[in-house]
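Visitor: Now for the letters of each chain:
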Amino acid sequence: MTEQAVTAPLLRVQNLSLRYSSQDGPTPILSDVGLELGRGEILGIIGESGAGKSTLGNAVLGLLSPEFEQTSGTIEFDGKTIGTMTEGERVALRGRRISAIFQDHTASLDPLMSVGAQVEETCLAVDATLSKRAARARAIDLLARVGIAEPERRFRNYPHQFSGGQRQRIVIAIALAGAPDIIVADEPTSALDATVQKQILKLLRTLVDETGVSILLVTHDMGVISEITDRVVVMRKGQVVEADRTETILEAPANDYTRKLIAAVPKLHIAPATTNAAQGARQRGPSARGDGNSPALLVAQGISKQFGSQGFVWSFGRSKPGMGLRDVDIRLPRGSITGIVGESGSGKTTFGRILAGLDPASAGRIEIGDRVFDISKSGRRNGLLGRVQMIFQDPSVSLNPRMTVAQTLDESIRFGAKAGRATGPADAVAMMDRLGLARSLSTRYPHQLSGGQKQRVCIARALLARPEIIVADEPTSALDVSVQAEIVTLLKDSIAEQGMTMIFISHDLAIVQQMCSSVYIFKDGRVEDFGRSEFIFGGSDNPYTRTLINARPHRFTC
Amino acid sequence: MGMISVVTGRFLQAFLLLIAMSLIGFIGIHSVGNPVFNIVNIETATPEDIRRATVALGLDQPIWRQYLVFLDNVVSGNFGTSYIYHLPAFELVIAKLPATLELASVAMLIAAPFGTGLGLIAGRRRGTLLDRTVLRASVSALSIPSFWLAMMLILVGAILTGWFPSGGRGSTASFLGQDWSFLTANGLWHLVLPASALAIPNIALIARLSRSGTIEVENLDHTRFCRAKGLSPRRILLRHTLPNISVPIVTIIGLQFGGMLAFAVVVESIFSWPGVGKLLIDSIQLLDRPVVMATLTFIAVAFVALNALVDLFHAVLDPRVRLSSQR
Amino acid sequence: MKARILSVLKKRPHGPVMTLSKLLLTTYILLAVAAPVIAPQNPYDPLQIYGWEASSPPGTTGSGGYLYLLGTDGLGRDIASTILYGLRISLVVSIISSAAAALIGLTAGVSAAWFGKWVDVAIMRLVDLQLSLPTILIALIAIVTLGPGVDRIILALIIAQWATYARIARSVALSEANKPYMDAARLMRLPTSRIIFRHLLPNSIAPALTLIPIEVGHAVALEATLSFLGLGVPIDKPSLGSAVANGFQYLLTGQYWISLFPGLALFGLIASINFVGEDVRRSLDPRSKSL
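Protein chains in written order, with the working numbering: chain A, 281 to 838; chain B, 371 to 697; chain C, 12 to 302.
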């Protein structure tokens, strides 16, 4: 580290301002941005959506579309200014000196070319002296290095034959092919599950330590920052608000915005704080089959779901992809919030939709109060539909784009709660006030609202229908971190106020811990582990539960 | 979905399509007058004559039986005998086939490379003057009514300048037991105008579709990643963009070839090109129903077959279809 | 929606080609409406036609005392008047058939998406069947089966075009029906009619409606082609297509004007509809904006 102080930085961005020209005139994207990246260093760039962090990454790669215009500043790489280079010089730079890893591992690879060939062509492109044979050997070597098992055999496989994590490893292998000085990694792990994310970050750190490559890591995730970066640049609305060593930023942030960002990251508590809690951590709590003592509002038993083709002749090419459920039991105590945690493909969303009566199950029974529902049927016919409301993940598609906020809420009161028209508008206004939605928003259409506002409207809609149970399916994962925290608190408080019962589906252990009194861990369509929150996070010795907890960034675990 | 299920699915679909078409054809035949009056004289026939003719044509049978007989005839290529030429209708169609096939092929040999090339260039220089010109020219070209285009080609290319003949196939040479125009200089000369008439709208269409295909592929992340990993623009174009665009382009070309067989109807009747299309129009005007049915069935079957071929080709080209997932 | 279309037509900045197309299209519509007033001759009235003045070149003054601005055809009809009257037939036929095809196609497509199961299978197999054949072939089969006449040609064009709308409407409705806001509507136990008319339809029809202008252009071309082949409108009431066809036999003897001018008029009509239609589609479909 002391060396860096003397030698010139590998990459230096000074006073960079960029704007984007569209039909509506130019919009500033970056203003007066400066940063330095030294050799063998991982520099994190963190910010929420609209911070301009990806644009900065693309500017370093020289891959900005022509609509972007640089109004001031310079980007210097190894003493040379990138801005004044010809496209030919930039091509010569890319891959050999500066390469990239993008977020979407599916889209980064050419679907029509075998992965081996894609690594190989990069080796040939960056080193013209290489023979075809040497390039192939090199490619196999690279694949092995990023952790692809049996690289010789998998050389000829196509991208779609690999899992998401493996595809991102292949992308990293390609980025490494030219032995570059800098890799620009734009959200390299955001599309991956936490456990896979952990492995990929570890791989990146190892590569930096072994090869001395520098990484410019663009992310929205403070966890990623805390895991592998040496230094951080915090960005907001196109400006750098703070830049320092990662330790310093995390422990003693100087800027208010940075403090807010860090505070907004939910923290997972694994060490029992009190002896009472320690006691609790040793007890799993009542089983889903029930001990009969504590009153349960909802009992679901043996829920299974199989996906498959529904006949050959008519459905070829239309069989639904999806994960099944196998024999899932769940028990919801009245007035509680129960968490369902799982990675992608664990069946947690499928289960939520069956509970809400939206999709049929292949087997199993659901009991609410004294009533048993026939869940082999879907829609209206199962009687379940309408007793449970849902809050969905992506608020931008959860509201009818052609209905105003008032119309949406009114529909919920009139049809969902079956309430008379007279009290409707007053109820809606009261709910908007409660959820922190300005009354003036009631005449707006969804596209005129921010993401957080839209999600509040969705919550209002669900609450106004006065259901006994609400299923919230990842209600915060499409939102910026600072908004996430507000929504989580709001949701928890209003559920308690209304005396409702909630199922909270999430992949984020810390939020689940914060919200839920008991937790079910889903894996491959089964309940892998369950119990009271204290038990799951403090005392469970289930290996998968432990893996999930350990995949959390340590900085945000206490 | 693996290769085998694509193939089975495709053939099943083609089969259903043909069944449906035979039903439509059957209904069509029955809705256009009583075929009995084609063989008896309506003025002089006695009720006994009509009864005998009805039995002879099998019209006294239950309707499903008539359909089966019709189906059997269609499958064996027996559409009846032409009222005009007194030849089996299907043979007549087959005899006219080489002329149409050669016209459509030559037109496609012109249209495919020109269209693809223009589309690629325009797509890669999106927003430039060149791009806008190509786009506008293609919308204009697609707006020209095909028959009027053919007539104007005759007006300019034959009547005003006298450079090309205005119609007919010219001299032909024999190859594989059929007569072909493209084997003689005179025949080729006769091909120029009709082939251009067929090719021009197709150049426009292929150019448009390959332009939007190019733009779509170039906007994909993997093209950006190819740039980021240091490939030369040339290699990206040849090894990544082109293969990815070729999937939609092959589809378009395949379908348009079928479309040409149909549009040959117009062009052939204007240029007196003795092909399947001219046969169809002549037969419609002469009420030669067996030939009409045979021709329409033939064009439809050819189209279905082309569709199926295109899909199979697509499956071969795209590993996501070719290889089932091995995750 | 309506306001959006209007604002698109008004505000969007565009080049000379678009201005010209809009101007041309407006002129065509005005001419078609005013045809009986401004045409010097009624080409459908045999009493107004002077057979001995057949095939007069442009600029001849006829016995009626008016100038044959674009000449006369083989029967002595004034070409300019034929174009004006033909324009009416072409426009009426294609607008009626496109509107009807859109209505039928939308209903069929949205029904297929909403009801699913056998309704979907039945409708979509028929649509697949149709769309796997060239439109001109479908129109040809339909008109051969139906026989000649203006009403028949409208029917034939509807048969040829409904499937395009149905396919688009279904795919949009299907993707809308799977969005969470539709799930939310179901969870409210809304009446089916309300789900369809308040939620599904308003969000599904826009992309299909933007097809209409382009499909009107197709319909004009299809009608003209059928008429040219002698399968469309009756010979005594020529549309633009049959007017061109009438001139075909005279082309070879050098009387080019009989087919040249109606053809030019037809080309201008289709081109202006296509340019305006493309513009409408592009500005209403955010996805194609970038293309």
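Don't take each hint at face value.
Have a look at the derived ranges for each label pair, beta carbon to beta carbon [to be verified]:
hint	chain 1	residue 1	chain 2	residue 2	range
1	B	Arg605	A	Ala718	18 to 28 Å
2	C	Gly75	B	Leu386	56 to 66 Å
3	C	Gly127	A	Ala417	45 to 55 Å
4	C	Ile106	A	Glu347	36 to 46 Å
5	C	Leu58	B	Ala675	21 to 31 Å
6	A	Lys657	B	Ile389	18 to 28 Å
7	A	Gly604	C	Lys128	20 to 30 Å
8	A	Ser642	C	Phe126	17 to 27 Å
9	A	Lys657	B	Thr378	23 to 33 Å
10	A	Ser642	C	Ala133	47 to 57 Å
Derived by calculation from the structure, the hints in this document are not laboratory data. By construction, the Cβ of each residue, glycine as well, lies at the ideal position given by its N, Cα and C atoms.
Visitor: None of the hints should be skipped; say for each whether it holds.
Guide: Against the structure, the hints come out as follows:
no., hint, result
1, B/Arg605 - A/Ala718: 18 to 28 Å, "violated, 55 Å"
2, C/Gly75 - B/Leu386: 56 to 66 Å, "holds, 59 Å"
3, C/Gly127 - A/Ala417: 45 to 55 Å, "holds, 54 Å"
4, C/Ile106 - A/Glu347: 36 to 46 Å, "holds, 39 Å"
5, C/Leu58 - B/Ala675: 21 to 31 Å, "violated, 54 Å"
6, A/Lys657 - B/Ile389: 18 to 28 Å, "violated, 34 Å"
7, A/Gly604 - C/Lys128: 20 to 30 Å, "holds, 22 Å"
8, A/Ser642 - C/Phe126: 17 to 27 Å, "holds, 23 Å"
9, A/Lys657 - B/Thr378: 23 to 33 Å, "holds, 32 Å"
10, A/Ser642 - C/Ala133: 47 to 57 Å, "violated, 27 Å"
In summary, the structure is inconsistent with hints 1, 5, 6 and 10 from the numbered list given earlier, while agreeing with the others.
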